[in-house]
Amino acid sequence: MSTNLPTPLLEAKAVAKHFGGVKALRDVSLTIRHGEIYGLIGPNGAGKTTFFNCMTGLYVPDGGGFTFDGAPLVADAPQHAAARGIARTFQNIRLFGNMTALENVMVGRHVRTRAGVIGAMLNTSATRAEEAAIRQRAIDLLHYVRIEDRAGDLAKNLSYGDQRRLEIARALATEPKLLCLDEPAAGMNATETEELRELIEGIRDDGTTILLIEHDVKLVMGLCDRVAVLDYGALVIEDVPAVVQKDQRVIEAYLGA
Amino acid sequence: MSKWLNPRSAFGITLIAVALLGLPFVAAMGGQAWVRILDFAILYVFLALGLNIVVGYAGLLDLGYIAFYAVGAYTWALLASPHFGLHLPIWAILPIGAALACLAGVLLGSPTLKLRGDYLAIVTLGFGEIVRIFMNNLNAPVNITNGPQGITLIDPVAFGDFKFSGNTQLFGLTLSGPMKYYYLLVALAILVVIINLRLQNSRIGRAWQAIREDEIAAKAVGINTRNIKLLAFAMGASFGGIAGGVFAAMQGFVSPESFSLMESIMILAMVVLGGMGHIPGVILGAVLLSILPEALRYGVGPIQMALFGKMMVDPESLRMLVFGLALVLVMRFKPAGLWPSPERKRELSEKRTEGKA
Chain A
1 MSTNLPTPLL EAKAVAKHFG GVKALRDVSL TIRHGEIYGL IGPNGAGKTT
51 FFNCMTGLYV PDGGGFTFDG APLVADAPQH AAARGIARTF QNIRLFGNMT
101 ALENVMVGRH VRTRAGVIGA MLNTSATRAE EAAIRQRAID LLHYVRIEDR
151 AGDLAKNLSY GDQRRLEIAR ALATEPKLLC LDEPAAGMNA TETEELRELI
201 EGIRDDGTTI LLIEHDVKLV MGLCDRVAVL DYGALVIEDV PAVVQKDQRV
251 IEAYLGA
Chain B
1 MSKWLNPRSA FGITLIAVAL LGLPFVAAMG GQAWVRILDF AILYVFLALG
51 LNIVVGYAGL LDLGYIAFYA VGAYTWALLA SPHFGLHLPI WAILPIGAAL
101 ACLAGVLLGS PTLKLRGDYL AIVTLGFGEI VRIFMNNLNA PVNITNGPQG
151 ITLIDPVAFG DFKFSGNTQL FGLTLSGPMK YYYLLVALAI LVVIINLRLQ
201 NSRIGRAWQA IREDEIAAKA VGINTRNIKL LAFAMGASFG GIAGGVFAAM
251 QGFVSPESFS LMESIMILAM VVLGGMGHIP GVILGAVLLS ILPEALRYGV
301 GPIQMALFGK MMVDPESLRM LVFGLALVLV MRFKPAGLWP SPERKRELSE
351 KRTEGKA
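Note that the protein sequences, when read in sequence, are chains A and B.
By this note's numbering, the letter at position 139 of the first sequence is numbered 139, and the numbering carries on one by one without gaps.
By this note's numbering, the letter at position 122 of the second sequence is numbered 122, and the numbering carries on one by one without gaps.
Please note that a few of the clues may not be correct.
[What the hints assert, rightly or not] In the SDA-like style, the derived pairs of lysine to any residue whose C-alpha atoms are separated by at most 20 Å in a straight line are:
{"hint": "1", "chain 1": "A", "residue 1": "156", "chain 2": "B", "residue 2": "216"}
{"hint": "2", "chain 1": "A", "residue 1": "156", "chain 2": "B", "residue 2": "335"}
{"hint": "3", "chain 1": "A", "residue 1": "177", "chain 2": "A", "residue 2": "11"}
{"hint": "4", "chain 1": "A", "residue 1": "218", "chain 2": "A", "residue 2": "175"}
{"hint": "5", "chain 1": "A", "residue 1": "177", "chain 2": "A", "residue 2": "83"}
{"hint": "6", "chain 1": "B", "residue 1": "310", "chain 2": "B", "residue 2": "297"}
{"hint": "7", "chain 1": "B", "residue 1": "114", "chain 2": "A", "residue 2": "59"}
{"hint": "8", "chain 1": "A", "residue 1": "218", "chain 2": "A", "residue 2": "192"}
{"hint": "9", "chain 1": "A", "residue 1": "156", "chain 2": "B", "residue 2": "297"}
{"hint": "10", "chain 1": "B", "residue 1": "334", "chain 2": "A", "residue 2": "98"}
{"hint": "11", "chain 1": "B", "residue 1": "114", "chain 2": "A", "residue 2": "58"}
{"hint": "12", "chain 1": "A", "residue 1": "156", "chain 2": "B", "residue 2": "336"}
{"hint": "13", "chain 1": "B", "residue 1": "163", "chain 2": "B", "residue 2": "36"}
{"hint": "14", "chain 1": "A", "residue 1": "156", "chain 2": "B", "residue 2": "342"}
{"hint": "15", "chain 1": "B", "residue 1": "114", "chain 2": "A", "residue 2": "53"}
{"hint": "16", "chain 1": "A", "residue 1": "156", "chain 2": "B", "residue 2": "312"}
{"hint": "17", "chain 1": "A", "residue 1": "156", "chain 2": "B", "residue 2": "340"}
{"hint": "18", "chain 1": "B", "residue 1": "114", "chain 2": "A", "residue 2": "76"}
{"hint": "19", "chain 1": "B", "residue 1": "163", "chain 2": "B", "residue 2": "87"}
{"hint": "20", "chain 1": "B", "residue 1": "114", "chain 2": "A", "residue 2": "60"}
{"hint": "21", "chain 1": "B", "residue 1": "114", "chain 2": "A", "residue 2": "80"}
{"hint": "22", "chain 1": "B", "residue 1": "114", "chain 2": "A", "residue 2": "77"}
Hints listed in this document are in silico derivations from the structure and should not be mistaken for laboratory results.
In this text the structure is predicted, and so the values were computed from the model without any measurement.
Take these sequences, add in the hints, and give me the full structure.
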């Protein structure tokens, strides 16, 4: 860890989580720096998604904690994580199926906008202006992930690849500092994966730090600046891909020794 | 907004306005009873649109909605009747009724936030019954609600000297009490339609729909699901409270038996039968389910007398039969309701995107 960047964006300190007797996370500590693509890999059941859920407030960790952007992250409710600037996608896509693609992204603007019931009922000029801004930003984001032509379609009618893109657009609508992608390439073919890689790199180049959980080791090694490996809920190694790839413990974890 | 300037829409709106204005005069030809039936139809439209916010938008299955209606009705009854000797004006009672119903909504909402579907339905059902039983028993040791006898001689709606009960001469026309209430209710219903429409396409409306679709994803994008759900309960309850107040004033009498579980189910059926979350559908459902039973009552008796010379089936029991059959048929053939929102290939994808981008 030679680079002398200022404070890291996210710092996990000895995060632990157990479900009954199962220790899903054993004192995991890692740091994510500003502007990098950070990969989190590990075999099935290694605790990747549990870590994710602790960080985004869906689970409350049993030990340890997170520092995000210079202040402790109180992981008590997901909406607070979103307000702080952590957005996520889900391993099994969770869109608002009976709303249009555009509306899905517009919902993502919720946390950055203010209009309330009274404003909506009276249709005040402030509400209308905000509504127009929400709509415009949502349209821009659909352009950004290149599904603008599906704006009026119900989310459930979109193709699998487009649903993944829509979920990313919705997450980006919350203006995250850290975008967490939970296995975004799952179920994608080679072409789609390549397009996804371009999209993720584009998002990083536009200034959003990315945490990537992925099974596709090739994608992770090619895309990520640094990689952490989890196995049985414990951190095995955290380093640049070239080092991680050659690490004996990682090879054992994946091949089974 | 430019929709309003479109001449075809303007023509349609004028047509609807004329029809709404003239309807009570047509109904009055069949007797004032029919005007009263119209009144109740509009009142149910109002109630169903209030419940639509909770059930249709936010997807929270509420089987105790009538409780809020009861709170509103009893508020009016207690504050504008000889029972306590209070006669507050409408601009005081209606907001108080709405606020109390809103409070009841939050009270019901807060313990049930983590419940969904069937479980929420059971709790809300229980809440509805609790309120009714309270009204039934709050006559001892201190007589508040006058128990099962109910409260009588409730003041009608009045603005200054203009009372909504009795006949009024206006521009050479005789307006009966029910007709005046009709116009008041239509005005209120139009208001609630506008509010529903505006909420539907608002930040809060989208948050409700998001919660209905996927609560975890809604939380992940930063929606405070607890507050937003409470807001849905509170809004729906307030509308119920206002409807209850007008009901008490219109009837001049309230008793606990007006607020049975059956009423909650009827209003829910209006929303579901018409098309959940779709305003024209909900209006259609409310009008159909409130007018058809009355039409049956007035139609079936005479028909039986003409055909058989005696009453074979009591219209009241026939009503439940027809009602049940209608529900089964609609759920079988139009599960999304009689008039669901169109699979929304919305105009916004083509027109508005190009217009504004």
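So, going through the hints one by one against the coordinates:
Proximity of residue 156 of chain A to residue 216 of chain B is assessed by CA-CA distance (about 17 Å); at most 20 Å being required, the pair is judged to hold. Distance hint between residue 156 of chain A and residue 335 of chain B is fulfilled; the C-alpha atoms sit about 19 Å from each other, no more than 20 Å. Our distance criterion of 20 Å between C-alpha atoms is met by residue 177 of chain A and residue 11 of chain A, whose separation comes to about 14 Å. Distance restraint check for residue 218 of chain A and residue 175 of chain A: the Cα-Cα separation of roughly 29 Å exceeds the 20 Å cut-off, and the hinted pair is therefore not satisfied.
As the CA atoms of residue 177 of chain A and residue 83 of chain A are separated by approximately 10 Å, the hinted pair is consistent with the 20 Å bound. Proposed proximity of residue 310 of chain B and residue 297 of chain B is supported: the alpha carbons are some 15 Å apart, at most 20 Å. Annotation: proposed proximity of residue 114 of chain B to residue 59 of chain A holds, straight-line Cα distance about 16 Å (limit 20 Å). Proposed proximity of residue 218 of chain A and residue 192 of chain A is supported: the alpha carbons are some 14 Å apart, at most 20 Å.
Of the pairs offered as hints, the one joining residue 156 of chain A and residue 297 of chain B is violated, with about 45 Å between alpha carbons and a cut-off of 20 Å exceeded. Simply put, residue 334 of chain B and residue 98 of chain A have alpha-carbon atoms about 18 Å apart, close enough for the 20 Å limit, and the pair holds. The hinted pair formed by residue 114 of chain B and residue 58 of chain A meets the criterion: a straight-line CA distance of about 14 Å does not exceed 20 Å. For the hint pairing residue 156 of chain A with residue 336 of chain B, the CA-to-CA distance comes to about 17 Å; that is within 20 Å, so the pair holds.
Annotation: proposed proximity of residue 163 of chain B to residue 36 of chain B holds, straight-line Cα distance about 17 Å (limit 20 Å). Under the criterion of a C-alpha separation no larger than 20 Å, the hint pairing residue 156 of chain A with residue 342 of chain B is consistent with the structure, at around 15 Å. For the hint linking residue 114 of chain B to residue 53 of chain A, the alpha-carbon distance of about 19 Å falls within 20 Å, and the restraint holds. Proposed proximity of residue 156 of chain A and residue 312 of chain B is contradicted: the alpha carbons are some 52 Å apart, above 20 Å.
Of the pairs offered as hints, the one joining residue 156 of chain A and residue 340 of chain B holds, with about 18 Å between alpha carbons and a cut-off of 20 Å not exceeded. Proximity of residue 114 of chain B to residue 76 of chain A is assessed by CA-CA distance (about 16 Å); at most 20 Å being required, the pair is judged to hold. Proposed proximity of residue 163 of chain B and residue 87 of chain B is supported: the alpha carbons are some 14 Å apart, at most 20 Å. About 17 Å separates the Cα atoms of residue 114 of chain B and residue 60 of chain A, which keeps this hinted pair within 20 Å; it holds.
Restraint check: the Cα-Cα separation between residue 114 of chain B and residue 80 of chain A comes to about 18 Å, which is no more than 20 Å; the hinted pair holds. Restraint check for residue 114 of chain B and residue 77 of chain A: the C-alpha separation of about 14 Å stays at or below 20 Å, so the hint holds.
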